[in-house]
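Could you use the hints to bring the two separately framed chains together as a complex?
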Amino acid sequence: MRSSLFHKSLLILFFWILLSPWIMGQQKGYMPGQSTYSNAIFDSSFEKALYKGSLDISKHHLSGLFYVKRVSLNSIRILFSNELGMNFFDFELKGDEFIVHSCFSSLERASLLKLLENDFRLLLIPDTTVITRMTRGRSRDPELVIFGVKSARGSFHYTYDKNSGKIRRIQTSRSIMGRTDLRVYGYERLQPTKIHISNPTIRLHIRMTFLSN
Amino acid sequence: MILFMFPVFFAFSQGTFTEIKNPAVFKQLFSETTRKTQTIEASFIQEKNLSILSEKIVTKGRFMFKKEKKLRWEYTDPFHYLIIINNETMFIQDEGKKSRIDMRSNKMFAEINTIIMGCVQGNLFNDEKKFLSSFFENSASFMVKLKPLASNLKEYLSEIRICFDKNDFSVKRLEMHEPSGDYTNIDFSGNKINANIPDEKFLVP
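Respectively, the protein sequence lines represent chains A and B.
To convert a position in the first sequence, counted from 1, into the numbering used here, add 723.
To convert a position in the second sequence, counted from 1, into the numbering used here, add 37.
The hints are simulated quantities; they were obtained by calculation from the structure and are not laboratory data.
It is possible that some hints are incorrect.
Unchecked claim - What follows is a list of derived Cβ distance ranges for each label pair:
{"hint": "1", "chain 1": "B", "residue 1": "K144", "chain 2": "A", "residue 2": "S834", "range": "44 to 52 angstroms"}
{"hint": "2", "chain 1": "A", "residue 1": "R912", "chain 2": "B", "residue 2": "L240", "range": "38 to 46 angstroms"}
{"hint": "3", "chain 1": "B", "residue 1": "K229", "chain 2": "A", "residue 2": "N886", "range": "52 to 60 angstroms"}
{"hint": "4", "chain 1": "A", "residue 1": "T759", "chain 2": "B", "residue 2": "L240", "range": "52 to 60 angstroms"}
{"hint": "5", "chain 1": "A", "residue 1": "S795", "chain 2": "B", "residue 2": "K104", "range": "32 to 40 angstroms"}
{"hint": "6", "chain 1": "B", "residue 1": "K191", "chain 2": "A", "residue 2": "R863", "range": "48 to 56 angstroms"}
{"hint": "7", "chain 1": "B", "residue 1": "Q65", "chain 2": "A", "residue 2": "I822", "range": "44 to 52 angstroms"}
{"hint": "8", "chain 1": "A", "residue 1": "D819", "chain 2": "B", "residue 2": "I82", "range": "37 to 45 angstroms"}
{"hint": "9", "chain 1": "A", "residue 1": "R863", "chain 2": "B", "residue 2": "L240", "range": "58 to 66 angstroms"}
{"hint": "10", "chain 1": "B", "residue 1": "S68", "chain 2": "A", "residue 2": "S798", "range": "33 to 41 angstroms"}
{"hint": "11", "chain 1": "B", "residue 1": "G227", "chain 2": "A", "residue 2": "S798", "range": "39 to 47 angstroms"}
{"hint": "12", "chain 1": "A", "residue 1": "R856", "chain 2": "B", "residue 2": "E148", "range": "49 to 57 angstroms"}
{"hint": "13", "chain 1": "A", "residue 1": "S767", "chain 2": "B", "residue 2": "S188", "range": "36 to 44 angstroms"}
To be verified - With the Cβ distance kept under 8 angstroms, some of the chain A side facing chain B (calculated, not the full set):
{"hint": "14", "residue": "K775"}
{"hint": "15", "residue": "N797"}
{"hint": "16", "residue": "R800"}
{"hint": "17", "residue": "L807"}
Quick reminder that beta carbons are idealized off the backbone N, C-alpha and C, glycines included.
So here's chain B without its partners, still in its complex pose (with noise of 0.2 angstroms):
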């Protein structure tokens, strides 16, 4: 397993990861720069990895983020499916099936909110009750690794890896490893940084 995982992890890295000693700098650069942002765009391709059955599950898409509370989540391949969270509410419309949650009274659905937001600004490492956070980097990348604290997390979430660019802190790769040793990567590309993104695609019908 841990063969498998190694030279996926360094093909993107360029480079080992090192610890970073200080993580204090590390969180006052990323702190300042996720400030000025106000939008994101990417596209991205994400891989699901069975350890066992040793195939890929590759699905792609395009997700858009606004502060502070909206973002747009969307599979365009090889199936539509598109989530849409804006502020307290989300929205799923999954082939002709649309569903619309109330955040406030679902606690659960407020917790996947909370981790995904966090995970696509990449300030999951902000919360210090939820995740024991370790930083590190190589020469083009940072590398936060959270492990979750809380039992109902812990139950399908092993570790969470957020890659940043080091240029603009803008994520370029997130990883998902689950407790059973199967592990989804979500690579972004062409990530737009505050480019104008109307709010009618956040809109929830």
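Chain A with its partners taken away, still in its complex shape (with noise of 0.2 angstroms):
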């Protein structure tokens, strides 16, 4: 019996060893940020973009511009201003850094900031942490590769165009703040050239349609 087991033991590590390279090929073949996939929906080549733009919390409508700047490696800024020309926010993703060069006083409240901070951060800054699990989920659009992602930055799941290699949507999973539902469609030279960002729990939605560079 235990002469069994220990047989059984070894044929599935002897299996394991001969396949994994397959297996683990085709994993590293998928992950976000390698060769096939860009894990970036603004890449390091990305300069400046202006988008018109909205944004709804709640019962409460904001329209405008959104501008949008890499300032350094490190570095984006984005602007938000009404369509006369007063500011918004501008905020600035420096690294880990989150730095708030001005806001309305209606807008500025921790728990939005945070939330806005890591919607921006979704969309403007690649996720290079170090990913611990990675699975291949299905989709119902042939068209359409979907992963699962488990990295230092959260648990996210992302939806590739197969063709093109680009991010289509990035899903959070669920937190106290809710799911973070973002989705860009369209690719102009070195952005998307419309993005909807939803958090369905604090009813808060972020359109932008790209206007120019």
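In structure tokens, the structure reads:
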């Protein structure tokens, strides 16, 4: 009995060793950030973009222009102003830092700022932290590939366009603040043409339509 | 920041502005002219200057004003955005989204309305409770500097500057300075005073 179990274990180990390069190779090929699929919506060559957009929170609707600019290798500024030019907010994502350069007082609440930081980080800064677990999900659309990724940043579902390898959607796992669902549509050179970030729990919607560089 | 702002200021001003010693004369002349003004129509170029990012965001459009409280403010480039104010109603069309606001029940929009109307007509300086005004002139223009006194306004505006053509007192430029150092200039051109503007232009759908 013991001998049989030992042989079975040996057999499993043998097959695992034999097949592991193939299994690992498949995983590696699909890993976000590897050659096949990009882990960035705005990659390192992105410089600046102007978007027309809106921010809806609960019953409040703000519309205007989003201006996104890379100010250094590890720093991106995002500014949202109304059509007449007055700033709603001016944020900077610099490495792990989140700098609030200016913010309309009615938006300056710690929980909302944290949520906006997370949402803009998801959109603008690729996850380069160590991936601890990755699973391939099922997609009904044959043109799309889905991966469940757990990294030091959190747990996410990445949806990719199979042909281009570009990100189409990122969903975060459920948290106290609810789930963030980020969708991007179409890419014009270095940036997506449409972006929709939603957080249904607190009824936050950010919509952006590309205007120019 | 100051060095960056000055070339813009002087390029427009055609000479250094000096403070008007007796603003009562200016106010009198202004009041007489605006009393005769029934409509204003102009094109505008809006330039938002992002001081720290050294960038400009340029938008263009057209506006129409008809006494007493009718305004059509329309952005046409690089996006379409329309604001119509007809007495106490504000209508906004942002791409496909349409909003209708009754300003009698919305203090914030009522205040925005007062500022927009005051800027377009140039008579914002009459509101001494909300703004501290100072008056300047050069060979071609008058300029009024307005510092907001109310804390809610101070939060997003540190100063408004309105420049008028000396010949007809029409608003040539509007500058809105923010506490962050960013500022927005709106330059008006092709001004038509008292041209016939049909009421349909201000109809709220």
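Do the hints match the structure? See the list:
1. B:K144 <-> A:S834: 44 to 52 angstroms: 26 angstroms, violated
2. A:R912 <-> B:L240: 38 to 46 angstroms: Hint holds: Cβ distance 41 angstroms, inside 38 to 46 angstroms.
3. B:K229 <-> A:N886: 52 to 60 angstroms: About 54 angstroms separates the Cβ atoms of K229 of chain B and N886 of chain A, which means 52 to 60 angstroms holds.
4. A:T759 <-> B:L240: 52 to 60 angstroms: Holds, at about 55 angstroms.
5. A:S795 <-> B:K104: 32 to 40 angstroms: The hinted range 32 to 40 angstroms is violated for S795 of chain A and K104 of chain B, with Cβ atoms some 52 angstroms apart.
6. B:K191 <-> A:R863: 48 to 56 angstroms: 54 angstroms, holds
7. B:Q65 <-> A:I822: 44 to 52 angstroms: This hint holds: roughly 50 angstroms between Cβ atoms.
8. A:D819 <-> B:I82: 37 to 45 angstroms: 40 angstroms, holds
9. A:R863 <-> B:L240: 58 to 66 angstroms: Hint violated: Cβ distance 47 angstroms, outside 58 to 66 angstroms.
10. B:S68 <-> A:S798: 33 to 41 angstroms: 51 angstroms, violated
11. B:G227 <-> A:S798: 39 to 47 angstroms: Holds: the Cβ-Cβ distance is about 42 angstroms, inside 39 to 47 angstroms.
12. A:R856 <-> B:E148: 49 to 57 angstroms: The hint (49 to 57 angstroms, Cβ to Cβ) holds, given that R856 of chain A and E148 of chain B are roughly 53 angstroms apart.
13. A:S767 <-> B:S188: 36 to 44 angstroms: 43 angstroms, holds
14. K775: For K775 of chain A, the interface hint holds, since the closest Cβ of chain B sits about 5 angstroms away, which is under 8 angstroms.
15. N797: 17 angstroms, violated
16. R800: Holds: closest Cβ of chain B sits about 6 angstroms from R800 of chain A, inside 8 angstroms.
17. L807: 7 angstroms, holds
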